[in-house]
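**Q** Below, each chain spelled out in residue letters.
There are 2 protein chains.
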Amino acid sequence: MVELAFDKMNNGLLPAIAQDFRTGEVLMLGFMDRSAWEKTVATGKATYFSRTRNKLWTKGETSGHHQVVKEIRIDCDNDTVLLKVEQLGPGACHTGHRSCFYQVVNGDDIKIDGSPAFDPQEVYKK
Amino acid sequence: MVELAFDKMNNGLLPAIAQDFRTGEVLMLGFMDRSAWEKTVATGKATYFSRTRNKLWTKGETSGHHQVVKEIRIDCDNDTVLLKVEQLGPGACHTGHRSCFYQVVNGDDIKIDGSPAFDPQEVYKK
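Residue numbers (the working numbering), protein chains in the order written: chain S, 198 to 323; chain D, 198 to 323.
A few of these clues could be false.
What the hints assert, rightly or not - So the derived label-pair ranges between C-beta atoms look like this: (1) D:GLN318 to S:THR220: 30 to 38 Å; (2) S:GLU319 to D:GLY286: 46 to 54 Å; (3) D:GLN318 to S:THR259: 43 to 51 Å; (4) D:THR255 to S:GLU258: 37 to 45 Å; (5) S:THR259 to D:THR259: 43 to 51 Å; (6) D:GLU258 to S:LEU253: 36 to 44 Å; (7) S:ASP316 to D:GLU258: 41 to 49 Å; (8) S:VAL199 to D:GLY311: 17 to 25 Å; (9) S:GLY209 to D:GLU258: 27 to 35 Å; (10) S:LEU253 to D:ILE309: 29 to 37 Å; (11) S:GLY209 to D:ASN251: 15 to 23 Å; (12) S:GLU319 to D:LYS322: 54 to 62 Å; (13) S:MET206 to D:VAL320: 22 to 30 Å; (14) D:GLY311 to S:THR255: 27 to 35 Å.
Unchecked claim - Straight-line Cα separation of at most 20 Å, SDA-like style, residue types lysine to any residue; simulated pairs: (15) S:LYS252 to S:VAL238; (16) D:LYS308 to S:GLU268; (17) S:LYS205 to D:HIS291; (18) S:LYS205 to D:PHE228; (19) S:LYS308 to D:VAL199; (20) D:LYS267 to S:GLU222; (21) S:LYS308 to D:GLY241; (22) D:LYS205 to S:ASN208; (23) D:LYS308 to S:VAL199; (24) D:LYS205 to S:HIS291; (25) D:LYS252 to S:ASP274; (26) D:LYS242 to D:SER232; (27) D:LYS252 to S:ASN207; (28) D:LYS205 to S:ASN207; (29) S:LYS236 to D:ASN303; (30) D:LYS308 to S:ALA239; (31) S:LYS252 to D:LYS205; (32) S:LYS236 to D:GLY304; (33) D:LYS236 to D:LEU285; (34) D:LYS308 to S:GLY241; (35) S:LYS242 to D:GLY304; (36) S:LYS242 to S:ASP217; (37) D:LYS236 to D:GLY209; (38) D:LYS205 to S:GLN300; (39) D:LYS236 to S:VAL301; (40) D:LYS267 to S:ASP305.
Source of the hints: derived by calculation from the structure; they are not laboratory data.
Every value quoted in this text rests on a predicted model; they were computed, and no experiment measured them.
Beta carbons are placed, not taken as given, at the ideal position from N, Cα and C, and that holds for glycine.
Produce the complete structure using the sequences and hints provided.
**A** Right under this line is the structure:
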């Protein structure tokens with residue numbers, strides 16, 4: 198397996214960008230420890246390390262909105278991952294938006310771009 | 198100025214993705230502390246915090262390959278920045294490639310996508 202520079206970051210977590218493989222839209226950024234990286238490569242489903250829950254997190258394990266990995270790129274320093282993914286379901290963001298980057302900075306204000314594509318209370322209910 | 202969640206990361210550094218505003222190509226990922234964020238917003242030129250040099254770093258200050266910020270987005274947690282930029286000059290990467298993400302993971306191997314767009318020894322010479 199390709200080795201990344203996990204030791205470079207104090208916490209062993211490398212940023213991983215998920216980008217829509219068709220449109221180029223940046224969907225989200227998560228972090229990967231070595232286990233997340235190895236699981237992503239082995240399974241072809243994007244898996245991150247959740248800093249809030251302090252555990253591995255395969256995107257879509259609750260929502261069903263998996264990210265099918267179409268291509269994996271790493272940067273010049275081997276310390277950032279770029280996943281080109283097919284985002285299953287209506288969106289990647291826990292707020293219901295397709296992309297997590299729906300807040301556009303407009304001077305001192307924030308403009309919301311677009312509307313939620315799904316109702317998170319429906320998707321994430323127990 | 199829009200406030201980001203700098204306190205969320207132990208080191209106060211938030212990841213910032215630079216994406217070509219025309220093509221959607223992801224060019225690089227850097228980190229921003231509060232000063233880098235404020236300088237980027239104020240000047241319209243992408244400015245990062247260099248972890249290796251431990252100081253603010255306006256992209257292009259050595260190479261001339263500035264990144265002119267066309268749009269700033271932040272994610273749902275206010276802890277990741279997405280810059281849509283016009284990349285001046287032939288490329289963003291210190292290796293001479295247009296994008297830092299020129300390494301494609303192919304099983305256990307890495308395939309190099311494309312050729313350098315400039316000679317870094319020429320661009321970064323004193």
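**Q** LYS205 of chain D and GLN300 of chain S were given as a pair; does the straight-line alpha-carbon distance stay at or below 20 Å?
**A** holds, 18 Å
**Q** Taking only the CA atoms, is the gap from LYS308 of chain D to VAL199 of chain S under or equal to 20 Å?
**A** Roughly 11 Å separates the two Cα atoms, so the pair holds.
**Q** Between LYS252 of chain D and ASP274 of chain S, is the straight-line Cα distance small enough, at 20 Å or below?
**A** The hint holds at about 19 Å.
**Q** Range first: 54 to 62 Å. Now tell me if the beta carbons of GLU319 of chain S and LYS322 of chain D are that far apart.
**A** At 58 Å between Cβs, range holds.
**Q** Regarding GLN318 of chain D and THR220 of chain S, is the given constraint of 30 to 38 Å on their beta-carbon distance met?
**A** holds, 36 Å
**Q** Below or equal to 20 Å on CA atoms is what counts here, so check LYS252 of chain D against ASN207 of chain S.
**A** holds, 18 Å
**Q** Take the C-beta atom of GLU258 of chain D and the C-beta atom of LEU253 of chain S, compute their distance, and say whether it sits inside 36 to 44 Å.
**A** holds, 39 Å
**Q** Honestly, do LEU253 of chain S and ILE309 of chain D meet the 29 to 37 Å range at C-beta?
**A** With a Cβ separation near 30 Å, LEU253 of chain S and ILE309 of chain D satisfy 29 to 37 Å, so the hint holds.
**Q** Cβ-Cβ distance between GLN318 of chain D and THR259 of chain S: within 43 to 51 Å?
**A** holds, 50 Å
**Q** Does GLU222 of chain S lie within 20 Å of LYS267 of chain D when you go C-alpha to C-alpha?
**A** holds, 16 Å
**Q** Next pair to validate is LYS308 of chain D with ALA239 of chain S; report whether the Cα-Cα distance is within 20 Å.
**A** holds, 18 Å
**Q** Are LYS242 of chain S and GLY304 of chain D close enough, with their CA atoms no more than 20 Å apart?
**A** holds, 15 Å
The structure shown violates none of the earlier numbered hints.
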